[in-house]
Every structure is written in C-alpha cells, then in structure tokens.
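*Asks:* Turn these sequences into a full structure, and let the hints steer you where they fit.
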Amino acid sequence: MSIVELIRKIAENEAKKIYTIELGVVTSVFPHSTPNDKDNYECNVKIKGGEIELQHVQIATQVIGLACPPRVGDLVLVSFVNGDINLPVIIGRLYNDEDRPPVNDLEEIVFIPPYTKNADKRRIYLEFPEGTMIKITDEDVMVKTGETKVIVHKDGDVVIESKSDVVVKAKGNTKISSGGTLSLSASKIKVESDKELEVNAGADVKINTEANLKLTSSADMNVEASGRTTIKGATVNIN
Numbered sequence: 000m001s002i003v004e005l006i007r008k009i010a011e012n013e014a015k016k017i018y019t020i021e022l023g024v025v026t027s028v029f030p031h032s033t034p035n036d037k038d039n040y041e042c043n044v045k046i047k048g049g050e051i052e053l054q055h056v057q058i059a060t061q062v063i064g065l066a067c068p069p070r071v072g073d074l075v076l077v078s079f080v081n082g083d084i085n086l087p088v089i090i091g092r093l094y095n096d097e098d099r100p101p102v103n104d105l106e107e108i109v110f111i112p113p114y115t116k117n118a119d120k121r122r123i124y125l126e127f128p129e130g131t132m133i134k135i136t137d138e139d140v141m142v143k144t145g146e147t148k149v150i151v152h153k154d155g156d157v158v159i160e161s162k163s164d165v166v167v168k169a170k171g172n173t174k175i176s177s178g179g180t181l182s183l184s185a186s187k188i189k190v191e192s193d194k195e196l197e198v199n200a201g202a203d204v205k206i207n208t209e210a211n212l213k214l215t216s217s218a219d220m221n222v223e224a225s226g227r228t229t230i231k232g233a234t235v236n237i238n
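If you read the sequence shown in numbering that gives the first Met the number 0, its first letter stands for residue 0, the second for the next number, and so on.
Think of the hints as simulated: they come from the structure by calculation, not from any bench. Incorrect hints may appear among the rest.
Computed cross-link-like contacts, DSS-like style, restricted to lysine-lysine with a CA-CA straight-line distance of at most 27 Å [claimed, not checked]:
no.	residue 1	residue 2
1	K189	K148
2	K148	K162
3	K148	K170
4	K134	K153
5	K162	K187
6	K168	K189
7	K37	K8
*Replies:* Put into structure tokens, the structure is as follows:
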C-alpha cells in the first residue's frame, strides 16, 4: 500500500468515526479584533493524543455580546455537532497542572486573568445599549455615562468630568485632605454654614479681589490682632 493510499485510508476511517467530546490544545486564535476583519471568534485546536488539528473552530459563548477567547496553549473541551468532525465547537476550558486556578474559596468569585504583560492587549470592557460604559486597563479605570465620566489613573490622579451638577452628601463628617495645593475655581463660589464657619491657617491668610470686598454681620464684629493692625485705603471711613 502506497503512502497516498495509507493517508486516504486513515482519512476515510476518521471521516466514518463518530466524535462526541475531545480534549484539545489551542494552537492559534482568531478573535474579532477589528470592526473590518473577517474573523469570527475562532481557534485552531489540536486534538490531544492525535495528529488532527481542527481549523477555525468556533467558540461557544455563555452570552451573546461577551468575548473572552482562550490563549494559545490553553486546554479546551471540543464537542462535535451530530458527531461530525467537520462541525467542532469549543464548549469550555479546563485547568491543568500547568495552568492552575487562582486561589479561591467557597462563595467567592475570583477573576485573575493570566494574560500577557502587554498592556495593549489587556482590557475589561462593559458597555450597555444606552452608552454607559466601564473600562478597566493596566493604566486606568474609567466609568462613563452620558457626558459624565470618572477616571482613576494608575499614577494616582482621579478625574471627574460632569456636564451637569456634582453633588456630595454625607450624614456624617466630610473631609477633604491634600498633601499639596487645594484649588477651587468657578464663576461663582458660595460657602454656607447653618452654624459656625471657621477658617484656620498655620501661616498667612490672604484675600485678594479685583473688585469690592464687603464684610457684613447681623450682630457684633470684632477685629483683633496680637500685633500691629493696619487699615489703609484711598479713603477710610469709620462710622
């Protein structure tokens, strides 16, 4: 029997065989990585213990709209529609001695993806039909809804952008602390207190205005200094 006849015989026997479920190892991945590509969330898979390599095997997904393709080298479970070797589908992935699960306990949900260190390829992205979006990368975490978004950067910067009001409410105390400069900038700044308003500084207090400065009190007003007090103006009126 020639080599050609032998190969044909093996192929015929394989074609007649009814396949159910097989273990396989991913050899290539074809994610839908750009809007214009022709890939449709598929992999090449080599059946364990054999020489058969299945081409462009579709990956079953738990939810339409969810994408999380396996990596090259991942151990996968392959099922065959109607037992046909030409209709394989990847239905799951398995841990093994090399790829162990993350440390976990009962009633925990743990997700620690063993992805490449290339940050451009590592992303968790969730988007709803109305445009609300959550994106997590190695560089930042962003939550966006409408024209409002919150970004937490890896270097520590936090950015909040809002097209409308920003409201902070607390039933207890609210504290804002900064190791550097705390700046407030707006077309109008209003500070109100139902009781006392106290301003303390470890050094000088400066109030500068390019227009009028008005201090009024419905009760007594005291101006007191332990040192010299200077009042200076083009005209000083004391009633």
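*Asks:* Can you give the numbers of the hints that this structure goes against, from lowest to highest?
*Replies:* Going through the list in order, the structure violates hint 7 alone and respects the others.
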